[in-house]
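A.B. asks: The chain contents come next:
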Amino acid sequence: MTVPDLTPDQQMQQLRPKEPLAPRVIRWIVGILIVIPFIWATIGLEISPERIWRAPAEIWVLLTGMFPPDFEDSGRIVAKLLESVYIAWIGTMMGAVFSFPLGFMAATNVAPRWIAIPTRGILSAIRAFPELILAVILIVPFGLGPFTGALAIGLHSIGTLGKLSSEVIEGVDGGPIEAIGSAGGTLPLQMRYGIVPQAMPTIVSYWLYRFEINIRASAVLGLVGAGGIGAEIVARLSFRADWPKAGAALLATIAVVLIVDAVSSSIRRRIITGQPSTSLLSKGMTALTGAGRPPSTELEA
Amino acid sequence: MGSIEFTNTSVTYPGGLVALKDVSLSIDEGEFVVVVGLSGAGKSTMLRAINGLVPVSGSVMVDGREVVGASQSELRAIRSDVGMIFQTFNLVNRSRVVNNALMGRLSKIPRWRSLLGLWPAEDKEIALQSLERVNIVEKAYVRASDLSGGQQQRVGIARALAQEPQIILADEPVASLDPVTSHMVMRDLQRINRDLGITTLINLHFLDLARQYGRRLIGLNDGRVVFDGDIADVDDEVFRGIYGRAITPDDLLD
Amino acid sequence: MNTFAPETQVRPTEPPRAVRYLTPLAAGIAATGVIGLAGPVGPLWGTLVGLVTFGALFWADITRRILDAGILVAAGIAGMSYFDWVLAGRSGPIDFKLSLIAAVGWVVYGAGTGFVIHRAQPSYRRTIIGAQAVAWGGGATLALFTATAMGVLAPLNARQISNGDIQELTIGLFIVTGLAAAGVGLGANFSFATRLPSLFASGLVLVVSVMAYNEIKFSTAAIATQLGRIGEIADDFWPPVWKWPKSLGQPDTFNIIEPFIETLQIAIIGAVTGNLLALPLAFYASRMTAPSNVAYRIAKGFLNVVRTIPDLVWGIFFATAVGFGNPFAGALAMIMFSLAIMAKLLSETVDAIDIGPLEAGRAAGARHTQVIQYGAFPQVKPNYVAYALYIFELNIRASVVIGFVGAGGIGRLLNERRNFFQWDQVMAIVLVIFVSVLLIEWFSIWARRKLV
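In order, the protein sequence lines correspond to chains E, B and G.
For the first sequence, my numbering begins at 10 and goes up steadily by one.
For the second sequence, my numbering begins at 10 and goes up steadily by one.
For the third sequence, my numbering begins at 5 and goes up steadily by one.
Wrong hints could be hidden among the right ones.
As the list claims (entries may be wrong) - Listed below are the simulated DSS-like cross-link pairs for lysine-lysine, each with C-alpha atoms no more than 25 Å apart in a straight line: (1) B/133 - G/454; (2) B/133 - E/27; (3) G/454 - G/385.
To be verified - Covered stretches of chain G (chain B as the covering partner; in silico rule of three or more C-beta atoms under 8 Å from a C-beta of chain B): (4) 277-288; (5) 377-387.
Said to hold, decoys possible - If the Cβ cut is set under 10 Å, some of the chain E residues that face chain B in the computed set are: (6) 24; (7) 27; (8) 29; (9) 127; (10) 130; (11) 279.
Keep in mind the hints are simulated off the structure, nothing from the lab.
Glycine included, each C-beta is placed from N, C-alpha and C at the ideal position.
Turn these sequences into a full structure, and let the hints steer you where they fit.
C.D. replies: This is the structure we're talking about:
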């Protein structure tokens, strides 16, 4: 069998291009922008090789001091942990409830610019305050206690959830909104039937995600007297004799956070994919709640 | 250099699927072999048995080196002499074309050099030369994702060539391409086989392409070799033996 | 030849809707609540009337099977009688074991409802009976235990005791426990019946919210009052005071700069080191690129534990280990903090990469690390850069607060001024933090847009 020879375009020898310079230059600039501040910071904090060399031993001393943990006053730990969970819960609820309308107000495809831009500004201003700082300020009017912690977390959550919600709302497919609008639907109708069904799963999964973060945040608010497990850990770490108790509190915190994360992420996966995940935990939840059962039409009359 | 010898070779996947059953055949240096068969007949598995990408039993000798039971470093040594071309090109889309071609040189340079990205000049030269050989050097500093399908497959070939291989394995190299580019890629492969004497094994789905470019043809059916001989001896009866049915227009490219 | 005749399509029945089940649920709960709270009615009767109301409405609506309703009511009576019997006359604290024993009554009721549902809709598997039993029993145990242990009922009890309604702490306890258990159990019921998990979710959310609301003594009244006093409060904070003496008797100086720079340095070291260390870890923690299953599990487990520990706890931990007030502790804390986030985000991104280039790399005889570096990393590089900037942004915020626990930086100063009740100085520090966080966020957004 004869083989057709090379086509003319293949016979033409191509010229080798020069390697472009720009990527290299950018790489150098970025490298310098990272290395110089890093060195500046290392010198500024007086971090010497000898200091780094000593750290593992010091950490080891603390770890061996904390373990095995002492679960003697686990009742108090459980109570404080529950308080943390409640603070996070209320904070997340506050965040969810208030961020929902704010999310719409900050979305440029729903709200006019003169509303959207200031709303965004407010949201990012709220976000700029870490929860702990908010708690420090809020303690003045609201006093010490978990209520202040919940307010601080709630306020910060409004900022973050509002921003995330508005991004989700801006990302929805414009088709359905247009369809409703062209059928004579008003703006509220467009939002209810055009945007909410599309955006809701993602927004709810952000709420759950925020709850996971808030659990961690609420655990530390105790430091300023705003309730939760954090104060327990600090108090016990200050005395060497109490280190095993600190270890117990730390372990309990880790356990609670892990459980909340696992439950929350399995729900999130289910919301986003619409499919139950295959993990044992979510199977258990499916059995318990009936969530994830395929819809059936055979209903007895 | 570039011979392959299968002796009672079988491939059983972890799920228990036996994809290649007791294959024995040998391929000499510089041969241009086309492998045909239905999808699921074991074509891809047969190719991947040669560079040990699938769990293989029996014996596969590549240039006198045993693939079955080879250690990681022995396997790497064998693989570095065997270039592979894929149906979906398998390029790193975000990397530049020349970096994709350089991936073929990874097994030849010291570890610290690859870690720091300090490529020796001669390796860069080899990568550029292999791009020249498939006429794509113009695009050397373009992102792979910015190329058309045919151009991407040529980069895939250049990556294999950069290995300076003894053997090239092409797994359905034209299945994702249109007829015109398919012919161009097939001609590239043929030319490389002719000019450089690299043993070439190609999986093909289309019978007319196999007839047009192949010299030796191996037919697989359900993991067994049902035909092995000169392409000139292939008639409709042979195809029926391989495919279990008569030829339909779906089996032809043009 | 096509021979089939046009077939008349069967209209499917409309899938169940939440509303249909919501009415009986609401009516049942309302009846329970009203009867329980209205007067000195025994807890058994209060809850029972509610349950019967619910059951009657529920079943009248669906199957009209008197038999099933009978089973349901019988199970309800049996369960509640038992519950009442166990707890009758108790005045002391109720521990977890007792809660479990008392909740057995609810298990019976749960099994009864499960049985009825299974009978009514054979498409449900038998597991529903067990699942229902567990849901009701678990709900009751949890509610009872939490209600007593956490003192949810404190206000309720106080009111009823002052009214002379109760002699011991029982009635309110029963009502809340009954309501909570009914909430959990009915929620489970309805999810089964309607296949609308959102109903169960909203029920659960409601129960937990009420508990949390009580527990942390949330008060909208307090918010309203304090909002009215906003001028007074603002007087404490405004105007901000920028200068104060470093120690007693010294002249006023501007003291914010130095700790602020320290915070910045902590954030830089944390972000750079953490992001670098996260790189190998992220590839180990993804199934796509892990060298072996063992390595994958170890990396994943390590990350899970590191991620659960809040930034401040890292701060306390390292401050205790390497010395209080030492910014090195802060840097270590920020490294762990960045490492955890980056490794998690990146490993999830790696999970979604195209494995083709990895196979190509392996086929070319490359080592595992080379395959990752040249086949996998370029695919996730833009994400890596974006995450790194985001983490730097987070680090600024986090390194501000870890100073509170003795890990150096501006947080330490803030804590110190706060302890002296110098709110106007606190305000100055907060403003510095606020502005710098905003600036860095803008920079990060700008750079992300520029680089990606």
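A.B. asks: Work down the list of hints and note, for each, if the structure agrees.
C.D. replies: These are the hints, each one checked on the structure:
For the suggested pair residue 133 of chain B and residue 454 of chain G, the alpha carbons sit about 30 Å apart, so the restraint of at most 25 Å is broken. As the CA atoms of residue 133 of chain B and residue 27 of chain E are separated by approximately 13 Å, the hinted pair is consistent with the 25 Å bound. For the hint linking residue 454 of chain G to residue 385 of chain G, the alpha-carbon distance of about 14 Å falls within 25 Å, and the restraint holds. Counting residues of the stretch 277-288 of chain G whose CB lies closer than 8 Å to any CB of chain B gives 0, so the stated coverage by that chain is violated, three being the minimum.
Closer than 8 Å: that is the beta-carbon criterion, and the stretch 377-387 of chain G has 7 residues meeting it against chain B, so the requirement of 3 holds. The restraint placing residue 24 of chain E at the interface with chain B holds, with a minimum CB-CB distance near 7 Å, inside the 10 Å limit. About 8 Å separates the beta-carbon of residue 27 of chain E from the nearest beta-carbon of chain B, less than 10 Å, and the hint is met. At about 5 Å, the closest approach between the beta carbon of residue 29 of chain E and any beta carbon in chain B falls short of 10 Å, and the interface hint on this residue holds.
Interface restraint check: residue 127 of chain E against chain B, minimum CB-CB distance 39 Å, threshold 10 Å, status violated. Residue-level restraint check for residue 130 of chain E is violated (minimum Cβ-Cβ distance to chain B is 35 Å; threshold 10 Å). The restraint placing residue 279 of chain E at the interface with chain B is violated, with a minimum CB-CB distance near 28 Å, outside the 10 Å limit.
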